[in-house]
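Participant: These are the residues of each chain, in order.
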Amino acid sequence: MKPSRPSQPFWLLLPMLAVLGVFFVYPLFSALRTSFYDWDLLTPPRFVGFDNYRAVVASGELLASLGTTLLVSAVVVLGSLLLGLGLALAVHRPGPVAALARSAVFSAYVVSWVSVGLLFLWIFDADAGVVNRALGAVGVGPVKWLTSTSVAPFTVALIVIWKVTGYAMVVFLSGLSGIPPELQEAAALDGAGPVSRLLHVTLPLLRPTAAFVAVTSLIASFQLFDVVRLLTQGGPVRSTTVLVYAIYEQLFRDLRVGRASALVVVFFLVLALLTWLKLRAFRAEEAT
Amino acid sequence: MHRRAFLRSAAATGGAAALGSAAGCADREAPPGRVVVPFWFMYGGRNRATLETLVTRFNRAQSEVWVRAVFQGDYFEGLAKLRTALGAGAAPPLTHVVGEVVPYLAEAGVLEPLDHYPGARELPLHPALGQAGSFRGGAQRPLVVVPFNRSTPIAYANGRLYDAPAAPATWAQLEQTARALTRPGRFGFGCPIDWWYWAALVAQAGGQVVELDGAVTLGGDAGVAALGFWQKLVGAGVMKQPPGRDYNAWEQLSQDFLAGRVAMIWSSTAFVRYLEETADFPVRALPLPRGVRAAVPTGGTHFVLLKSAAQELKLAAWRFVRFVLEAESMAFWASETGYLPVTTEAASRLEASGFFAKHPNYRVALDQLVVAEPWPWSKSLFRIQREVVQPALEAAVLEHLDPGLALARAQKLAQASAL
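Protein chains in written order, with this note's numbering: chain A, 2 to 289; chain B, 8 to 426.
To be clear, the hints were calculated from the coordinates, so they are not data collected in a lab. Please note that the accuracy of each hint is not assured.
[To be verified] Mimicking SDA-like on lysine to any residue, the simulated pairs with C-alpha atoms at most 20 Å apart in a straight line are:
(1) A/K164 with A/L72
(2) B/K386 with B/R370
(3) B/K314 with A/L43
(4) B/K419 with A/L72
(5) A/K164 with A/L82
(6) B/K88 with A/D255
[To be verified] Just so you have them, the derived chain A footprint on chain B, three or more residues with Cβ under 8 Å:
(7) 44-52
(8) 235-244
(9) 271-278
On a predicted model such as this, the values are computed, not experimentally measured, just so you know. A virtual CB, placed ideally from N, CA and C, is assigned to each residue, including glycine.
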């Protein structure tokens, strides 16, 4: 379709640009500006240059929260990829049992984060939780799922994996449905066994799907907030303070708008870097 | 046919629901001609219901002012919203805030001075609970707060497991009790690793978080002793530290207590009614033990008027504050919730009516007020609490750090981070 006037496409884009400008671009620049001020919203802001950035680096908060975010994200991406793929392969077949299994696994994805948080608070209670009771019955534990600094980040990651794996499974199922059955048949005729067919036919053809799952899981784990707020409030000893939670603490708990804004700017730069890497990887994939 | 019947039935149900909801709204609608006072509050459950009853009583008792109570989450969520609203110029005329943040808000100039409000200096407040008793030097400053739901930490014991006639009177006795009550699957004692309880221990050990000259010492040796006491009990496996922070940890510990997984806990007097009504065992409220001296901090919130509100609204809000502090209202509030009766008149009324004789658990916090410790008037207090002490306590207990080193590091951080 040809535009009636050269300016027509820009007018059509204007509503979306306005929304992006008001709700995304303006807040970002606003955060950039306030990151150079000491401000508590109550008293007049005071220009402090790069002091807020220095403070979040010197206190170790930036590195710690970034490290926690990356650790949780890495576990979530890896876990949801492997589990999602495994479950998709297991239930990619006709019949009521597989349909029930698909629905059951996906149901976790539609449960609200608040419900998930409250549910796992009970499940992972160190003394009365069902997990430790089950482990205790076989002589293991008790494991301090939520009160140990070395275990709590993995517990949080485990919960996110439980929540998002259903989604990963559905996406992998969609990818599996897109693989022509003739390819599997041809490989079988050539003497390839189930493992060879999985390794040399199915998995290579699922690479774009896997990349999509990895990106969506990464985004989900970078946005992690609700479950941390409910389960651990960033503790014990800041071991589950992910970047978004650190921003929340600085802004709403510690009344430090400038430091929160500095963390927002860093968060944006990290996301921009990850997006650039992802785009580069996709383009390289397309080129080959 | 079936479809039509269904649609008719659905329409009827929807209509009834709409009417019901309209009726509910009408009940909340201010009658014409009243001054409407938005009041931000931060309670759930029974405390919220009791407060709403007081609001309804006030709204019915006179015909000029209409208080509209608006729930804003827990104390810290409410505070965040208040601060944002202040920044946006949309703060309500009336709310209530925790004591630790009062100096910060007062120094920021957002709290309305109350000295000239009718009867402000003549309120029959308990000496330990008004601004003068709650903050060091509070009497010399402009009056900016009126106590509302005030509390102290107290101990709660499972009456089936702890039948000694008196409470553990010293730290050593508390430790002995914790050991004696501990069994497989049950801790003898439980306490949130929380600033408020640590402050109680610091005071009992003879120290102060902020010295009289304003220096942040975190109690010095007393702070170390307090932290070391917790570490000792946790290390011995006789004290449960609940997961989570702030009120999540408190609530978790209450659940452990109610389920019989902890025999004795430290919590707020505000939980007395809830624990009594929910437990399937007799609940005994007990005073905290003494260290080198007896001491408890006070907690809870104070009413504040926000300077930015219109004068008409502030005066109307003040009428509600006065109403809540009347003997009848305050006695109702204290007896329904477990919070302290903040006026001497309300306490006398409860005494005279035989309430305390019938419910001795409610009296424990009131009796403890003779050893209540005032908070320092320090603008940094709120940040010392949230940013420095709380993480240091958690780290020291969970990671078995040397308490002296942990608090020395925290003290350095408090001084270095331009609090």
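Participant: If a hint holds in the structure, say so; if it does not, say that too.
Facilitator: Consistency of the hints with the structure:
no. : hint               : result
1   : A/K164 with A/L72  : holds (17 Å)
2   : B/K386 with B/R370 : violated (32 Å)
3   : B/K314 with A/L43  : holds (12 Å)
4   : B/K419 with A/L72  : violated (29 Å)
5   : A/K164 with A/L82  : holds (13 Å)
6   : B/K88 with A/D255  : holds (13 Å)
7   : 44-52              : violated (count 0)
8   : 235-244            : violated (count 0)
9   : 271-278            : violated (count 0)
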